[in-house]
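*Asks:* This is what each chain is made of:
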Amino acid sequence: MSIWPEERVHALADDGFETVDMTINVGPQHPATHGVFRMVLTVDGEKVVDCEPYIGYLHRGLEKLTENHDYRQAMGWWDRTDYLAGMACEMAYCMAVEKLGNISVPLRAEYIRVMMVELSRILSHFMFFGAFGADVGSFGTSFIYGWRERERIYDFFEEVAGDRMFPTYFRPGGVQMDLPENYQDRVRWLLGSIRQGLEDFDGLLVGNEIFVERCRGLSPVTPEQAIAWGLTGPCLRATGFKFDLRKDEPYSVYPNLKFDIPTGANGDVFDRFMVRMAEAWQSTLIVEQCLDALSQMEGELVLNPDLPKTLRIDSGECYVRTEGTKGEYGVYALAKGGNKPYRMKLRSPSFCNLSALREMVIGTYVADAIIILGSLDIVLGEVDK
Amino acid sequence: MLFADPLFGLPTWIDAIIRIVIVVLVMTVFVIYSTYGERKLVARFQQRLGPMRTGPWGLWQGFADAIKLVGKEDIRPKNADRWVFELAPYATFIPVLLTLMVLPFAENWGVRNLALGVFFVFAVLGLNIVGILMAGLGSGNKYALLGAVRAAAQMISYEIPLVVSLLCVVMITGADTGNGVGTLNLNTIAALQEDRPYILLQPLAFLIFFTAMLSELHRAPFDIPVAESEIVGGYFVEYSGIRWSMFQLTEYASMWGFAVFGSVVFLGGWAWPFGVDSHWALQLATTFTKALAIVIVIIWIRTTVPRLRIDQLMNFSWKVLLELSFLQLIVNGIILYYDWPQEILALTSAVGAGFLIFLIIRHASARSTKGLLGTYRTLGASSS
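Protein chains in written order, with numbering that gives the first Met the number 0: chain A, 0 to 384; chain B, 0 to 383.
Accuracy of the hints is not assured; some may be wrong.
Stated by the list, open to error - Here are the simulated lysine-lysine pairs, PhoX-like style, with alpha carbons at most 25 Å apart:
id	chain 1	residue 1	chain 2	residue 2
1	A	Lys308	A	Lys257
2	A	Lys63	A	Lys257
3	A	Lys46	B	Lys318
4	B	Lys141	A	Lys46
5	A	Lys246	A	Lys257
6	A	Lys63	A	Lys246
Bear in mind the hints are in silico, worked out from the structure with no lab data behind them.
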C-alpha cells in the first residue's frame with residue numbers, strides 16, 4: 000500500500016530520517032476551488048513546495064460558439080463567462096460589436112448599462128467576500144451574508160430582464176427594454192442594503208483578529224511583479240499601482256461620472272480584500288449618479304432604432320477592453336462579412352490572474368494556498384471559456 | 000444522595016452496568032438534539048431557519064439523520080488498512096465515553112465517584128488521539144493523513160495549558176478543604192464552590208481552559224484538523240455511514256463532556272448558586288444549564304470566527320497560553336503559601352485574563368475608519 004505515487008525522498012544528513020514530499024490533489028471537486036479548478040500541491044509537511052494548476056474542466060468552446068452564432072444570439076454565451084457578473088461581460092461583447100459595426104448607443108441606454116455593470120460588480124465582489132470568508136474558515140456565515148445582498152440584486156435583475164444570473168439584457172445598440180417603473184426606489188433601497196452589507200462584512204471579517212492575522216502580509220506582490228505576471232483588476236490595484244480602465248481608457252459614460260480608484264499598499268491578500276470592499280462602496284456611488292442622470296431623461300430611447308433585423312458587418316477588426324469585475328476584460332473581434340463574426344477572442348482577467356498562482360503559493364502553508372487562490376477571485380467560466 | 004450507594008442493593012458490577020447504560024442512552028439523545036440545536040442556532044446566526052420540514056420546527060431532524068446514517072453503505076477504500084480503518088471510530092469514541100463515567104451531574108450523581116476524577120479525565124482523554132491517528136493513517140488518504148497529523152500536533156500543544164489551568168484550580172481547593180491538601184475529586188470540587196464558583200477566583204485559568212478546550216474539541220477557530228475548506232473533513236474524510244456517525248457522536252459527546260466538566264470545575268457545577276442541600280432535580284438542572292451555556296458559546300464562536308493557521312495555533316499555545324498558565328500557577332502558589340486573602344487571588348488572575356484578552360484583540364484595528372473602506376466611503380478621497 001502506497002499513497003505516494005510520485006514520491007520524492009530526501010535523505011536528511013544527520014539522523015538518517017527520510018522525509019517524503021507529498022503531492023496533494025486539490026480539486027476539481029473541492030470546496031475551495033470555486034468551481035472546477037484543480038491544483039496539485041507538492042507539500043513538505045505543511046509547506047507548499049510546488050503547485051501545478053490544471054484548468055479546462057469548464058471549457059465550452061465559447062469563442063468557437065460565437066463564430067457560429069448570429070451577433071445577437073451569441074451574446075447569451077458571453078453572459079456565461081464571468082457568470083457572477085453576467086452584465087459586465089455583455090457590456091464588453093456589445094461594445095466590441097458596436098465598434099465593429101459603427102453602431103451608436105442612446106445615452107439613456109449607456110447610463111442603464113453602466114448602472115447594471117456596477118451592480119454586477121457589487122454582485123461579484125459580494126460573492127468574493129462570502130466565499131473568501133468561507134476559505135479562511137468562517138463556517139459559511141460570511142457566505143450567507145454575501146448571498147443576502149446578492150439575492151436582492153438578483154431580484155432586481157429578474158424584474159429588469161427576466162433572468163437572474165444570465166440576464167442577456169444588453170443588445171448591440173442599447174439594452175433590451177427600459178427599466179421597470181419603480182426602479183428609482185428599488186435601486187436606492189438596494190444601495191442602502193448593499194452599504195449595510197459592506198458594514199456587516201467589515202465587522203464580521205475585517206474586525207476579526209484572526210482574519211487580519213491570516214491575511215495580512217500573505218503573498219505580497221510588488222507592482223513590477225504584478226505587471227510582469229499580467230495581473231489586472233483589484234489584484235493589481237492592491238499593489239498600489241493605479242490602473243483602472245474606467246479611468247485610464249474611459250468608455251461609455253464613465254467620463255461623466257465621479258468615482259475614485261481604491262489602491263492598496265502591500266499587494267497582499269488583505270489588501271486585495273480591502274480594495275474590493277472599497278471598490279464595491281465606490282460602485283454604489285456610481286450607481287447613485289447613474290440614477291440621478293437617468294431621472295433627467297425618462298422616456299428616452301434605450302435601443303438604437305435604426306438597426307436592421309439581422310446585423311451584418313462587412314469587415315472590421317477591433318479590440319475592446321473594459322474593466323470587468325476581475326480585471327481587464329478584453330474582446331478581440333474580427334468580421335469578414337455576414338451575420339456572424341469571423342473570430343472572437345476573449346482576454347479573460349481570471350485566466351491571467353490565475354497564471355500567477357504558482358509563484359504566489361510556493362513557500363506558504365497549505366491553508367494559505369487555499370486563501371491565496373481565493374484572493375485571486377477566479378471564476379472558472381471565464382478561465383476555461 | 001440517590002446514586003451514592005448501589006441501586007436497590009444490587010451487586011456493584013450490575014449497578015455499574017445499569018448506570019453506564021443510562022449515561023450512554025441519555026448521551027445519545029443529547030447528541031441527536033445537540034446536532035439539531037446546533038443547526039438551528041447556526042441557522043439563526045446566518046439569517047436562515049434551519050431544519051423546518053421534519054416534524055414541528057424540524058424537531059425530528061436528528062432522528063431522521065440518524066436513521067439515514069445507519070442505512071448508508073459503509074464504504075472501505077481500497078487503499079485502507081482494514082483493521083486500523085475499521086477500529087478507529089471506536090478507539091476515538093471509547094475514551095470520550097470513559098470521561099463521562101466520572102462526571103458528577105448532581106451531588107454524587109454519576110457512574111463512579113473517583114478520588115482522582117480530574118486526573119482520570121485527562122489520562123483517558125489523551126487516548127482519543129490514538130483513534131484519530133488510526134483513522135488518518137488507516138484511511139490511505141492524504142487529506143486524512145494531514146488532518147490526523149495536525150490533530151496530533153494540536154493536541155500535544157494544548158494539553159499542557161489545559162492541564163496546568165486545571166492544576167491552578169486544584170491548588171485552590173487545598174485552601175478550601177481546610178487541611179491544605181487539594182482534591183482531584185470532581186464531586187468535592189463542585190461542593191467546595193457552594194459560595195462562589197472558581198471562575199471568580201481564576202478567570203485567567205478559565206479562559207485558558209476554554210481556549211484549550213476548543214482546541215481539544217477541534218472547534219473553530221481551532222478546527223484545523225477537520226478544516227472543511229482545506230482538507231475537507233480531515234481524518235474522517237473517508238468514513239461513511241455508521242462509522243462516520245461514530246465520529247460525529249464522539250465530537251458532540253466530547254463537547255458535552257467538556258461542557259459539564261468545565262461547569263463542574265469552574266462554574267460551580269451542581270452546588271452553586273443553590274447550595275449543596277438543594278433538591279437533586281434542581282442540581283441536575285443547574286449543571287446542565289451551565290453546560291448548555293458553554294455549548295452555546297462554542298457554537299457561537301464557531302459561526303463567527305475564521306480558522307487559525309497551524310503555525311499561528313502553535314505560537315499561541317507555546318508562546319502565550321503556556322506561559323500564562325504557568326505564571327498563574329506560580330502566583331497561586333505564592334498567595335496560598337503566605338495565606339493571603341482570596342481577593343488577591345481573584346485580582347491577580349483577573350489582571351492576567353485582561354492581558355490575555357488584550358493580546359487577542361490588539362491588532363483588530365484594520366476596521367472601518369482606519370481601513371481602505373473608510374477612506375473610500377465618500378468621493379474625492381484620492382486625487383484622481
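*Asks:* With reference to the structure, classify each hint as holding or not holding.
*Replies:* Hint by hint, here is what the structure shows:
The hinted pair formed by Lys308 of chain A and Lys257 of chain A fails the criterion: a straight-line CA distance of about 37 Å is larger than 25 Å. With a CA separation close to 38 Å, the supplied pair Lys63 of chain A and Lys257 of chain A exceeds the 25 Å bound. Note on Lys46 of chain A and Lys318 of chain B: the hinted pairing holds, with a Cα-Cα distance of about 21 Å set against a maximum of 25 Å. At most 25 Å may separate the alpha-carbon atoms for a hinted pair to count; Lys141 of chain B and Lys46 of chain A meet this at roughly 14 Å.
Between Lys246 of chain A and Lys257 of chain A the CA atoms are separated by roughly 10 Å; this keeps the pair inside 25 Å, and the hint holds. At most 25 Å may separate the alpha-carbon atoms for a hinted pair to count; Lys63 of chain A and Lys246 of chain A exceed this at roughly 32 Å.
Comparing the model with each numbered hint stated earlier shows that hints 1, 2, 6 do not hold.
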